[in-house]
Amino acid sequence: MAFKTLSKSEKAYIQSSLQASSSFRSDGRALQDYRTVALETGVVPLANGSARINIGKGSDEGGGTEILAAAKLEVEDVEHGDGVEGGRVSCSVSCSPSAYPFASSGTLDDLQHDYTSLVHSALSHPSLRPANLSILRGKKSWLLSLDLVVLSDCGNVYDALFMAARAAMWDTKVPRTRSVEYRASKNRTGGGTGDMEVDDEQQSGLDTRQVKAATDFELEDYWDEGEPLAGRETWPVCITLNLLPRLHFLDATSSEEAAIPHRLLLAYSFASRSTPTLQGMQLLGPGEVDLVHIKALIQEGEKYASDLYTSLNTKLKDEDIRRTDKARLRFAAVR
Amino acid sequence: MVEITIRKRQREDAVITQRKFFKKTARGKVIKVIRERYLRDDVVCGIDGCRECYSTVGPLLPFNGALDHKLFPHGHFVLPDTNVFLAQMDLLESTLFTSPIILLQTVLEEVRHRSLPLYNRLKTLVKVDDKRTWIFYNEYRSETAVVREEDESPNDRNDRGIRKGTSWYNSHISVTRPTTRGQITPLPSVVLLTDDVANRLKAEKEGIPCLSVRKYVEGMPKASQLLDLLAATDSEALEPTVAAGGRGAIYEDYLPTGELAAGIKAGKLHQGHFNANQFNYLEGSVSVPAFEKRILLVGRENMNRSVDGDIVVVEVFDEKEWKAPADEVIDQEVTLKNDDVEDSDEEGDNNEAIVEERKALKTEEAARRAAEKQPTGRVVGIIKRNWRAYVCHIDSTSLTSSNATSLSQQTVFATPVSRLLPRIRMRTRQAPTLIGQKILVTIDKWDITSRYPEGHFVRALGKVESKEAEQESLLLEFDVPYRPFGKAILDCLPSEGEQWVVPPKSETSLEWRDREDLRDLNICSIDPPNCQDIDDALHARRLPNGNIEAGVHIADVSHFVLPDNPMDDEAASRGTTVYLVDKRIDMLPSLLGTNLCSLRPFVERLAFSVIWELSPGAEIVNVRFTKSVIASKFAFTYAEAQKRKDDLKLHDDLTESIRMLNTVAQKLKAGRMTAGALNLASPEVKIHLDSSESSDPIDVEQKEMLETNSLVEEFMLLANISVARKIQETFPQTAVLRRHLPPPSANFEKLQDILKKRKGLNLDVSSSGALAASLDKCLDPTEPAFNTLVRIMATRCMLSAEYFCSGSVSKETFGHYGLASPIYTHFTSPIRRYADVLAHRQLSAAISHTPLHASLHSKTHVERVLGVVNRRHRMAQMAGRASVEFYVGLALKARVEKSLKVHSGKVTEEAFVIRTFRNGLGVFVSKLGLEGLVTFKRETQFDAENYTFTIPVAETGDKDVTIAVFDKVVVSIDVEKDRNTQRGKVKMTLVSPIDSTAL
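Here the protein sequences come in this chain order: A and B.
The C-terminal position of the first sequence is numbered 335 in the numbering used here, with every residue numbered one higher than the one before it.
The C-terminal position of the second sequence is numbered 1334 in the numbering used here, with every residue numbered one higher than the one before it.
None of these hints come from the bench; they were simulated from the model.
Beta carbons: idealized from backbone N, C-alpha and C, even for Gly.
Some clues are possibly wrong.
[What the hints assert, rightly or not] Among chain A residues calculated to face chain B with C-beta under 8 angstroms, some are:
| id | residue |
| --- | --- |
| 1 | Pro45 |
| 2 | Leu46 |
| 3 | Asn48 |
| 4 | Val75 |
| 5 | Val180 |
| 6 | Asp216 |
| 7 | Leu219 |
| 8 | Trp223 |
| 9 | Glu225 |
[To be verified] Calculated pairs, DSS-like style, for lysine-lysine (alpha carbon to alpha carbon, straight line, at most 30 angstroms):
| id | chain 1 | residue 1 | chain 2 | residue 2 |
| --- | --- | --- | --- | --- |
| 10 | B | Lys405 | B | Lys466 |
| 11 | A | Lys173 | B | Lys359 |
| 12 | A | Lys317 | B | Lys367 |
Whenever a hint applies, use it, and build me the whole structure from the sequences.
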């Protein structure tokens, strides 16, 4: 990123040490190593789902790339409002000025816009839309708006953004709703006297005229958080491959980012474990990269993404347990 | 340095410390709400002498609880579940229920969530002195707080919380009680009281003492009386009961609330107040905005368990099923008299009562006219029940054992006094003693399998026809608050009490601040005889320039009743003073009403004056408003004032000023009439009481109108209009005004039709002026009372006037139709009407005398207060009328008895036919202001189109007798008591043109 400007010699120093026969990184990692990722879900009590992620937090609890993500569900009117049949997802990323202390407000806006368009286009894709965002067919649907805040940037913001988004979506629970409808009963057409002749209208299987006239909905249980978003496994993970001639490495620090010419973003969704789908791809940086080279990189990226996916899922499941069962046990123990 | 420490709560504790829930707003948004919860260890148990808990507040529960229950010889406390409060509030409120109650916060909140009225009753119950209730905040005590488990419904969680609370109490008692040398003294137990069988089973499993309400009450010392108060619930499901098999549902189930809301939103269902038809118990109607005419509900099934006043949801039938309203009188007691209480649950064609009922409906159905179709429909749900306690009589035929000493439980019918209500089934052990009494009964439920609602006995009011019982039942029936004023209210009165006087005039005196000294004016008051609350006085004098100065002086009530104190709140909730024939229920304590604010003669009083300068032609040149001090020179009655005015020998200032007022009033009236004001009539009768002690009515006579009545009326109208203009100008958003909307012309259709067909008269209802003019033309040279009759009927077609807040409605609808005034308010009777007090406050602020209280700047507040006042006003009018009716009945009875003694004749009166039914006539006895029904059992020919009614008299060979609306007939009036219910009933039979006793 252009915010950290390095001198030519610094750049050369970083590049050459990476390209050395046994690559050196300033923090001693191997090329394919990630820094420590800290993840916590449910950090914003009023949101429907939230997460906070930190990549590369130092031992003194400082530093690292930190992102806060919160998902909020809103009811939208499909008929008259902005709502879309089946619900929609909208994402926005904002950057805290403290994360980029030297950026002018104009640059910060540009940056936010870049992040937003990337995350939004990847996550709001129809192939990823959760099935349970619809409330009433043709009437009401949920708008899932995901807000991400970059609190600090120490490199690899893209991966962090996608991880935070994925964790927040994972944590999101959709309140259970029940449609309420009123249909005029056909077999009771009044006849107020005591001895009504009720001829039971024959229910024919051929009769398909049953019009669903649901007009409103109610909350099934106002105490319940609801059910998780359908297909929460499928939210993509992103892998940033930092490219130097002949080699690539993962999870660049900001100095490393400043020293390399190209970065390749790859977002994979694991709808089925065996064949991940490439949900998005973006090449950052000036110049061009050979297509053959890219193909090989995609192969590699898939492997890394799969690893990241597994460890992320493990952590998220841990978080679920921590926040429900363990908390109850603690509560029981307190007494 | 100040040391600041931040005690941060761990986010991991969120499950314990936060309560989350979702809320759907009225606009359809879903909001997540989070409440912080603080758990502590020092929430006290409330038991007196507890070792652990020290409490200084409130009365504590006795150390050993109540010792008088059979099952708990070592003492006990009751801990009722939510369902007990929801279903059995009458039991808990009874003074006989003395067990100490532990009220859990969970229960309190659940009650509030389920029913606000019950919650308010519960709150007063907690405060009552002779009850021992302790609220335990179990959700805040760390040991008793519960967290909702995964997949646990809110209800289950609350039940668990209640059980936890009960077991904590029991263990708390055992831990804190001293044991002497290892010897365990018997401990009082805390008993969970619940009618929820599932909860009870779980509690038993956990070893918590628990009982159903019925079981518990059975062991109480005064069980037999208390058992009557038990509401009928479905609780005994698991206890051995009669097999419910074979019971057919009579009614359809209501739709779920969500579905109702959806249907109403979609415009397929309609919501409105259910009005029962007082002539035909098998018919009701609901007026909804979507239809111009009311929706008719015909038959039990379509009324589907609605009771008069409920807010119901109606489904409208196809247009081809629309019908005309019934023409027939169907009396519940006649039709259903053979219905048996015990088996009225069972639907079956062998039940003769039902057969009878259907027959009635069928014949009546056939006779419905094709014209005048109204939408019909059926009730599919209830938004809000408006059930209250109803005044009833016990139907003596429904008793299985009339042995006066029998204390066995039996099911009886209670017949409400109001004809709009269905009979209520109730179980009681005191049935024989309750016969011949007026009793209060509440409805508990109405199952789909039961033809009648089920209720329970609340209390007895006294013997039928005893004045006290009748009076109280009247007040209850019309929801008039009649409790004496409490101490907090009386504390708001001036401490001088009866000795209060206007202090001598001085610069520093608070009373004299910004007040004009009008003590020298020749002010007098004109009121009905024996009037004690004189709230208006008048004066007039000629000004040097030839104009007339006229003044209306109204008691300055707002000087004594300050906003937002207990007295003001009470007055606002009472809304108006209620006048019964023999009693007045005051809105304000009588010290104010009859003394300090009463503009008595010869004493100085504070007043609020409206003073006009009028041209000799009675046009207003100038008007001003001022607070003043006056000294009335005389208190006239209407008759005295009239006499004084007419006495040509008198020329003193006072008489002159009355004459001057009179001439101005006449001109004002003429002006009002040309503007199109209506001269309406309502049957007003006056009851003569021979003395205030015995208060037996002597006779009934119609009120007479004197010139002086009109004089006072004109000036009051003028004052009201002037004040209305002023406050509307100053406070366009919140002025307290009164309006009378023009009646929809559909209301007049029937009357127009009758007049046209019967008398060939046209009624022009296009405007109030046109109506007034055409009413004047409604004359029958042979019958002078005819005009009054038409006026009465026209009045019935109109809407009633109402108070409103000027900011709430559009300016075009401000007008007062009856008075033909573009703007109007009530200002002149602040002692007996609360709206006037508000108008006083606003006027006082408008003339910069006192700043306006903040609440009167709030539109919503003013709207709310006026809503109450409107309702009270309506109720007060009905109560007053009912009271007159009762005394007319008494007077009639006395007359019947006398005339029987003297010449064995009956009391006969002339009456007008006002309505024709297929099997009867509605008649109006103008002399008594009494409306009655003459019914015929024999076949008659009824011509609904022409409003005539032909009675064949073939046997005697005479010509058939035809009676039509507006015909004058002679009826004999008899007062008879219904043998079964002891309900007094005026019975009328036709004497001329034909004797209907045989018909």
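Against the structure, the hints:
1. Pro45: holds (5 angstroms)
2. Leu46: It holds, given that the least Cβ distance between Leu46/A and chain B is near 6 angstroms, below 8 angstroms.
3. Asn48: holds (7 angstroms)
4. Val75: holds (5 angstroms)
5. Val180: At 3 angstroms from the nearest chain B Cβ, Val180/A passes the 8 angstroms test, so the hint holds.
6. Asp216: Holds, about 4 angstroms.
7. Leu219: holds (5 angstroms)
8. Trp223: OK, holds: Trp223/A within 8 angstroms of chain B, min 5 angstroms.
9. Glu225: This hint holds: Glu225/A lies near chain B, its Cβ roughly 7 angstroms from the closest one there, short of 8 angstroms.
10. Lys405/B with Lys466/B: holds (20 angstroms)
11. Lys173/A with Lys359/B: holds (16 angstroms)
12. Lys317/A with Lys367/B: Roughly 24 angstroms between the alpha carbons, so the hint for Lys317/A and Lys367/B holds.
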